[in-house]
Structure formats: structure tokens, C-alpha cells
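Enquirer: Could you slot chain B onto chain A? The hints should help.
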Amino acid sequence: MRGFNVLLQKEFREAWRSWKFLWIPLVFALLGMSDPLTNYYMKDILNAVGNVPEGFEMLMPELMPVDLLQGSIGQFQTICLLVLMATFVGAISKERASGMATLLYVRPISFSAHFMSKFIVMSTVGFISILAGFAASIYYTVVLYGTFEIGPLVACFFTYFSWLLFVIAVTLMMSSTFKTVVATTCAFAVIFIGQILDSLVGTFWTISPWKLPLYGVQLMRGTMEMSDYWWSLAITLVISIICVIIGILTMKKNAPTTKI
Amino acid sequence: MTILLQVTGLTKQFAERVVVDGIEFTLEKNTSTALIGPNGAGKTTTLSMLTGLLKPTSGSVKMLDGDLRANIGFLPQYPQFHPWLSALEFTEMAAKLNGVPTKKAKVEAQKTLEFVGLGNDLNKKISTFSGGMRQRLGISQAIVHKPKLLLLDEPVSALDPVGRREVLDLLKGLQQETTILYSTHILNDAEEMTDQLLFLRDGKLVEQGTLREVRQRFDEPNYVVEFGTEKEAQLFASQSELIGEIKGSNVYIEIIDEKPSMQELLQHLSSCPNKIRKVERQTASLEEIFMKVARKI
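Chains as they are written, first to last, in full-length UniProt numbering: chain A, 1 to 260; chain B, 1 to 297.
Worth flagging that the hints you see were computed from the coordinates, not collected in a lab.
Straight-line C-alpha distance at most 30 angstroms; calculated DSBU-like pairs for lysine-lysine: (1) Lys252/A with Lys146/B; (2) Lys106/B with Lys94/A; (3) Lys259/A with Lys62/B; (4) Lys252/A with Lys204/B; (5) Lys252/A with Lys62/B; (6) Lys55/B with Lys253/A; (7) Lys253/A with Lys204/B; (8) Lys253/A with Lys62/B; (9) Lys259/A with Lys204/B; (10) Lys252/A with Lys106/B; (11) Lys106/B with Lys259/A; (12) Lys125/B with Lys179/A; (13) Lys55/B with Lys29/B; (14) Lys146/B with Lys253/A; (15) Lys125/B with Lys259/A; (16) Lys252/A with Lys55/B; (17) Lys259/A with Lys148/B; (18) Lys94/A with Lys55/B; (19) Lys146/B with Lys259/A.
Given the structure is predicted, the values throughout are model-derived calculations rather than measurements.
Isolated chain A, as found in the complex (with noise of 0.2 angstroms):
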């Protein structure tokens, strides 16, 4: 890992100098925050745009603060994660594409330091983005709705960041073995296709990294089996760590191509 603590400070100056600490959280903690708000009030925003035709009764379900997260769980899975791994997606590519790796691959360092200060610093970027977002949901549903319990929102917290470790992991192989444009693609259909798939036809299976947020909220709910759980949990961060080692396996493969 020789170099990895010069590398490490390169990489967060560019993400902190390049705004990525603020902007991105920002966008989870406005995803975050929307459903507690929208639905809570759902009942003044229709009033207030009208056209509600007179006598008309609508029936509003009975919201606990659980549902709330699951549905700010679910912008994260969409538009959240679109645009943290569109930010990252070039990590290694582009630094290839447009030459600046060449004054990095020439000096003695190891890949491996290569891979995990770009990879840190994504998980930090994509940490401090859903702390954001979980506060800011859990703030307005506790405000709106009701208390949540300490243990297994924390239990919840940490098994969305696995899945979120998983996507970084995911993303930067991608980036590692790939041009920008194919790894893009390469890392949105495994992510993105990869949820549908499980959603449409995941009832015959039940263990897979992609449930693993879904889990989450089950664990708050109380009804989760717990071996399916933990048999998620673990995939998904063997498989985790099997896409670092091919993406520091890939970065170096692919040195040559840096453009000089």
C-alpha cells in the first residue's frame, strides 16, 4: 500500500474541493426529507391546488414512522444513488482517459493504495450523504409523526451502508476495468436492472445483496427472519471485497492505457 496516505489526501482534497462533501448530501437530505413532508401534508397540498371535486372523501392510510423511512429508503435507491455513482463512475477512467494517471502510474506505488484511496473516499462521500438523509427524513417523521426506536434505526442505518459499500465497490471496478461510457453502463444495469430483477422476480430467493435495503426496514418492522438476513449481509460484502480485488487487479492491467 505504498503511497496510499499521499494518494488518500489527493483524493479528498479533490472531493471536498470539488464541493462532492456538500452537494451530494444535500440531495439525500432533500430526497430524505420530502416523503415524511409530502405525506403528512398531502391532504393541504391538494386543498390548495384544487380541483377536489365537492364531497369528496379520501382515505388517507394510516402512516407509522417506519413507513416513512422505507419510502425515503426508496428515493435513495433511485435518484440518490443515480447521482452518487454517476460522480464516481469516471474515478479511474477518466484519470486514464485524460492522461492525469500517467504522472501517478510512473512512480512507485502500489495499485492497491490507488484503488482504496478512491474507494475510501467514496464511502466517506456516500456516508456522510445518507447520514444526511436518514437525519433528515428521521427528523421531519419524528416532528410529523412519532418516534422511532434507537437500536434498530442504527441497525438500519449500517445494513443501508453495506448495500451502499456494495455499490461503490460495484462502481469503481467498473470504472477500473472499463472506459467511462461502458463502465457507466456496466455499473448502472448491474445496480439499477439488478433491483427490478429482484423485485420482479426476487420471491423466489431470499438472499441477495439487492434486498439488503429492504431488509433494513424489515429489521425495524421487527418481522425479518434473521438467517436470510445475515446470509444477505455476508454476499453482499464477499462480493463486495471480490470487486476491489478485481478492480486493483483491472486498474493495473488496464496502467498501459493511460494516455501519454
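Expert: Coordinates of chain B only, in the frame set by chain A:
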């Protein structure tokens, strides 16, 4: 002289195309070597293999005095920097990545940047830099860790005359303590600072040696006799059996096997009734040698 780098049978093949074809040379310590050749001759590919970025198909590059990767500085033709870093941060990072201790790295980076003339721009973001400044920064990141071997790919080609002069002077300042290998197609530069010439064409090393040796091999000097008018030149040409070519008021006389000698020519000229302005023996410039080597089959 001690040998620093030994290159044997270096070959690179991309699919069907052989880009570098079994080249062999050695670099002596603290000398400058110019790698010259037309576009597409394989200069950049050769340098990339020396840096270790590109794996040779066959052949080897050996540094006889330590590990190659830890002891080189490399400046690509179009260096790309991380634009959000400042010049000092980038150079400092380069030093640290090459193993300069953290405490020393900042001082060294500062010194190097002052040496390349960026002393006033230490904390400016690289994204604001001009072409000349980027090239200087490129040199500073290549030399900050005091490498034994400095590899430069077209270090001055992209610069204006002023920038070129400055960068060349910089490199000359490094000549005493570093072994330099640089590629160029600007021959005046090669003429100015070079101990050894390596001539690459179609991936093959077609000529090598000191500037003097190569010159001797290709030197086909001729004489120029300048007259006042074209008419006089033509008159002289019509009366002499030595003439090669007339251009304006100049008569070019080719020398074949050291004939005629200067004496013979002067004797010949002494009988000429017209006014002679200049008699000159011309030697081939590197550019002429370049053209000859580039066309040689």
C-alpha cells in the same frame, strides 16, 4: 564513464504492427541523449517502455544502479495535472509518492518550483496555468525527487521561442547531475544539448553515436562561391568543370571523395575575372542529416 541504463532488444508489437523493433543502446551517467526521428517512428512508445508504463513485447531495460521505477522522472509530451491542486501541492505529492520523507517533501517541492521559475505561483491552482507554466510544472514534478534518469517526451515542442529557450536553459542546468534522455523533432534543440544521438525510424534504431560521429558519417560538405550577380555566376559555371548547381548568384560545388580540395578550388577561382564575394565550405546541419537518415532505405 559508467553506464546507467542498458536497453537490449527492446521490441513492442501492437497487434500486427511492430512499433519498436529490437532497439539497443546504453546511456552513460550524466550525459544527455536525444532520441530523434520523424513522427510515428516510435519515440513515445520507446520512452513509455523505459518508464515501465508499457510492457515490452520482448527485450529488457535494465538500470545498473538501483531500481528503475524508483529512479526515473518522466515528463510526457502533454502532461496532464489534477487541476484542483496547486503547483506546490502537486509537486509535493510527486515527491512523497517517490519516497521523499514528508518533512523534506515540502521544502524540496518549493526549491524545485523556484528552480523552474514558478516561485511566485506556488499556491496558484494548476487550472489557471498557461502552457509554459504547465511545462515547467511538468519538469518540476519530474525532477523533485532527484531521479537518476530523466525521461522527457518532446519537452519543448509545444512552447513558443521564449519558452523554449527558458526550458532548454533549465535542462542544461540539470545536465551535470542527471542523465537525460529526451525525444524531439526540433533538431536545433538536439544540436544544442546532446552527447549522444539516437535516430529512430519505423521503430528501428538506424543511427547512433555522438553528434560528431554522426556528422562525420553523413557529412558531405560542399563549397559555395558567391558572385555579385547571377550572370557572373553563370559565366563562371560555364567555364568550370567543377560545378554542381547554381542558385541566384551562388554557385554550389559538390565535393566527391575530398575533391576538389580548398587549394584546388582557390587556384581555380584565382583565374576568374569577376569579383568573388564569398567562398565557404559548408557542413551538413543536423537537419540535413535528419533528412538523409529519414530517407535512407
